[in-house]
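In the working numbering, the protein residues as written are 1 to 873.
Fair warning: there could be bad hints in the mix.
[Unchecked claim] Straight-line alpha carbon distances no greater than 25 angstroms define the calculated SDA-like cross-link-like pairs of lysine to any residue that follow:
1) Lys186 <-> Lys21
2) Lys425 <-> Ile225
3) Lys21 <-> Asp798
4) Lys187 <-> Pro161
5) Lys650 <-> Pro161
Everything labelled a hint here was simulated from the structure, so no lab data went into it. Just so it is clear, the structure is predicted and the values come from calculations on it, not from any experiment.
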Amino acid sequence: MISESYNPQLIEAEAQSYWEKHRSFTTCEEPGRDKFYCLCMFPYPSGRLHMGHVRNYTIGDVIARHQRMLGKNVLQPMGWDAFGLPAENAAMACGVAPSKWTYDNIAYMKKQLQSLGLAIDWDRELATCKREYYRWNQWLFLRMLERGIIYLKTGLVNWDPVDQTVLANEQVIDGRGWRTGAIVEKKEIPMYYMAITRYAEELLDELEQLSGWSEQVKLMQKHWIGKSHGVRIGFPYQLPSTVPGVVEIDLSGILWVFTTRADTLLGVTYIAVSAEHPLALYAANSNSELANFIKECRRGGVTEVELTTQDKKGMPTGFTVYHPITNESLPLWVANYVLMGYGEGAVMAVPAHDERDFSFAQQFGLPIKPVIHTCASDETPVVWQDIYSEHGVCVNSGKYDGLDFDRAVDAITADLISKGLGEKKVTWRLRDWGISRQRYWGTPIPIIHCQKCGAIPVPDEQLPVVLPQHLIPDGSGNPLDKHNEFLNCACPKCSNPARRETDTMDTFVDSSWYFLRYSAPDADKILDKRVDYWMPVDQYIGGIEHAILHLLYARFCTKFMRDLGLIKISEPFTNLLTQGMVLNHIFFRKGEKSGINYYRTDDIKISHDVHGKIASVIDVSDDLPVEYGGIGTMSKSRKNGVDPQTLIKKFGADTARLFIMFAAPPEQDLEWSDAGLSGAYRFLRRIWIYAAEHQDAIRTASVLNTNILTEPLKAVRYEIHNALRQALLDFNRYRFNTVIAGGMKILNSLGKMEYSSDASNSLRREGLSMLLRLLSPIIPHITHKIWRELGYGKDVLDAAWPEPDEAALEKTLVTMVVQVNGKLRGKIEVPAGTEIEVIKKAAQDAPNVNQFIQGRSVLKTIVVPGKLINLVC
RNA sequence: GCUGGUGUGGUGGAAUGGUAUACACACAGGACUUAAAAUUCUGCGCCGCUAGCCCGGCUUGUGGGUUCGAGUCCCACCACCAGCACCA
């Protein structure tokens with residue numbers, strides 16, 4: 001019996017314990033049955049669920065439940081991306097060990113997830129900070145090392161000179177260390193790298209086959225991988241000997257640069273190298289001003305944003321190099337806009353056809369020589385225009401004049417090759433993946449340093465290298481460096497005392513293969529044959545912010561594991577849904593000294609102007625103004641998050657799920673507002689009350705006999721089936737907001753039947769059954785309860801997915817709109833299947849249409865069958 | 001700076017190149033109530049008039065273009081969001 005009032009707390013607890021008791025979501029391999037692996041990106045256990053999680057996991061749950069109703073064997077697992085920086089930050093702030101903090105958070109967040117009613121197989125839960133998981137990171141590392149996929153080289157990091165520690169990019173604020181306020185420096189340290197570039201070609205090519213990925217994400221990855229065809233060009237040099245210094249170098253040699261614009265070679269007016277380039281360092285031996293400049297270039301962080309937006313600075317080395325074609329002397333400069341990590345760490349500068357070279361040349365009075373005829377003119381540029389960098393025909397280039405881009409590149413390259421000063425080369429923007437982190441809370445890198453034998457890999461039988469659980473970082477570097485129990489070990493080769501590597505792995509390693517481990521979470525090897533049943537992931541769902549790094553690393557690791565023979569597939573994710581971000585307004589005040597204080601929405605008062613825009617914001621505690629920082633992703637640090645827990649507590653999980661799915665389509669960013677929340681709750685209550693009111697009639701109703709339907713009931717049935725038809729289409733394209741709108745339309749139509757009769761009761765029974773099944777993936781608790789109580793079946797989870805009755809959708813009369821010259825002027829009703837000529841005539845005779853065609857002749861009539869007639873005159 | 005997106009009523013949003021504003025929220029008015037809440041009914045882009053229940057004009061960030069027809073396709077611009085390799 002359904003009670004009169006809707007009590008979500010009660011029915012949600014009941015449904016959840018039913019699922020638990022029946023082990024409804026426990027999954028096992030069923031060879032021969034179609035499987036569907038539905039996976040959401042696993043969360044970082046930050047402490048509490050946020051709205052982005054609710055959105056992500058609701059979308060995944062809706063898809064999983066839908067596939068189940070279509071008859072698939074659905075796997076939806078969940079786990080924890082449990083290593084990472086926030087645990088160390090929490091440790092510093094509260095003195096609690098990262099492990100305790102992390103496990104407490106996992107316990108709490110698991111409860112929160114369970115209260116959302118997600119159809120998750122919790123038997124497969126994993127956490128990357130557990131030794132049973134991260135030991136396989138170490139195992140993979142060793143396999144990569146054996147195959148040369150892991151190698152050692154130096155890399156640039158942010159260095160805090162006061163704390164003597166490496167900082168993450170987010171710990172650098174305005175070029176200063178977050179705790180010390182010291183100006184951050186770039187520092188080169190040795191790191192282990194994964195050679196993802198070995199797979200660059202395959203990672204690029206296979207993007208094309210990923211038909212289940214959006215073009216947007218594929219394009220982002222394509223540009224990230226950044227294949228470019230170009231030429232490596234050598235500029236010979238003969239250097240004067242300088243005073244002996246730190247850097248020694250061959251006095252005659254060749255400086256190599258990479259360019260995609262070899263056609264502009266005759267327009268080169270200077271060469272620029274990065275501050276870390278050997279030639280720059282050599283020049284600094286005898287030039288203290290230059291040495292200072294190079295030192296100054298070390299200031300600031302290592303992010304691409306910082307490097308590419310800094311003011312252009314440069315200084316001549318005093319050296320020259322020779323142009324490989326003309327033998328002309330070209331000045332050699334050090335410039336901060338040239339990056340050592342990309343290409344050769346040196347560029348040939350063509351100020352007339354490259355914007356960065358142009359502004360640098362202008363700033364330092366270097367010559368600008370146009371060599372390409374562009375649409376602009378052949379004049380020397382004074383103010384930069386983008387067309388200067390277009391392809392064109394060579395001018396001022398001697399024997400190459402008149403050649404177009406392709407021919408000029410070919411001719412110039414051929415000449416360079418004959419001199420030994422050039423080669424065609426493909427380069428990639430993609431760089432190898434540095435995985436070493438100077439941090440405690442991560443997977444220990446399984447290497448042992450022996451004074452005699454060097455860096456020795458830990459043998460497989462000694463895995464895992466266990467991370468001590470109780471350490472508490474204090475901000476002054478990695479506590480593993482001071483932990484003798486961990487540090488001291490025996491060299492696996494010579495058994496002498498040795499020292500463990502204390503760097504840990506980037507947490508992206510953890511998340512690059514966890515989706516495989518879900519198939520065999522209890523295996524005593526990395527994977528077993530169950531992986532072949534479940535993989536690939538049929539639907540992967542996660543935030544758009546992971547469109548590049550995580551997804552690229554996961555694709556790379558999948559390919560590597562295929563090459564190891566562990567799996568048969570090359571691509572892990574058949575279909576990818578990238579949900580938009582959940583955004584909210586940001587409010588802040590600049591702090592006294594530095595930094596920014598953010599305000600929670602509860603602590604401020606906002607007034608709007610007549611247009612609804614924010615006019616002023618004040619802090620309720622002191623009535624003084626607070627600045628409005630626009631809109632941005634919900635984050636703890638900006639204090640603009642909305643806690644889903646209060647929402648669930650107040651309205652129930654179904655309301656939370658319904659509201660967030662109704663607010664916007666999944667791929668779109670969602671600007672938070674509680675405005676629609678009560679509407680979602682109201683809709684659920686209306687469903688409940690409808691079911692309660694008609695429960696006896698529906699329970700006893702007979703199967704619908706369409707012959708006894710009256711005309712008004714036929715019209716209602718048309719509305720219901722038509723809304724269902726559209727909603728099903730929307731479901732297939734994951735437009736859940738319009739699916740819900742369709743459900744609302746069905747309920748509105750059901751509500752139109754005022755009188756009780758055999759026919760109307762049967763129609764109620766049919767319509768409500770469709771509504772319940774259609775929305776059960778989105779609002780599983782309320783539909784579970786009503787489905788059972790009204791005697792539709794045992795479990796809506798396994799009910800058949802609804803289908804509209806084609807007969808209900810047949811119309812005898814069709815409404816068509818009539819346009820004159822594209823403007824709406826009237827409507828006509830014609831019997832279905834009316835001949836086109838008759839329709840045209842009817843359109844011209846339609847009321848109100850006549851006045852617009854009077855006195856003119858209809859030149860053309862366009863008829864869109866069943867929809868529209870456009871009279872052109 | 002580079003790369004990828006987004007922009008529609010007071011608000012969230014809807015619309016295979018074919019009726020712009022579905023479905024909701026908010027708001028206003030009516031009913032119910034001693035009252036309020038809840039519920040329910042009606043109205044709701046802007047402007048105009050000859051006020052039509054099939055009136056007319058304008059309207060999808062701005063300015064152009066393609067088309068019988070553009071929110072949708074193309075070009076330019078503006079604003080906002082995300083990513084940029086050590087946040088995850």
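Status of each hint after checking the structure:
no. : hint              : in the structure
1   : Lys186 <-> Lys21  : violated, 57 angstroms
2   : Lys425 <-> Ile225 : holds, 16 angstroms
3   : Lys21 <-> Asp798  : holds, 16 angstroms
4   : Lys187 <-> Pro161 : holds, 10 angstroms
5   : Lys650 <-> Pro161 : violated, 50 angstroms
When held up to the earlier numbered hints, the structure conflicts with 1, 5 and fits the remainder.
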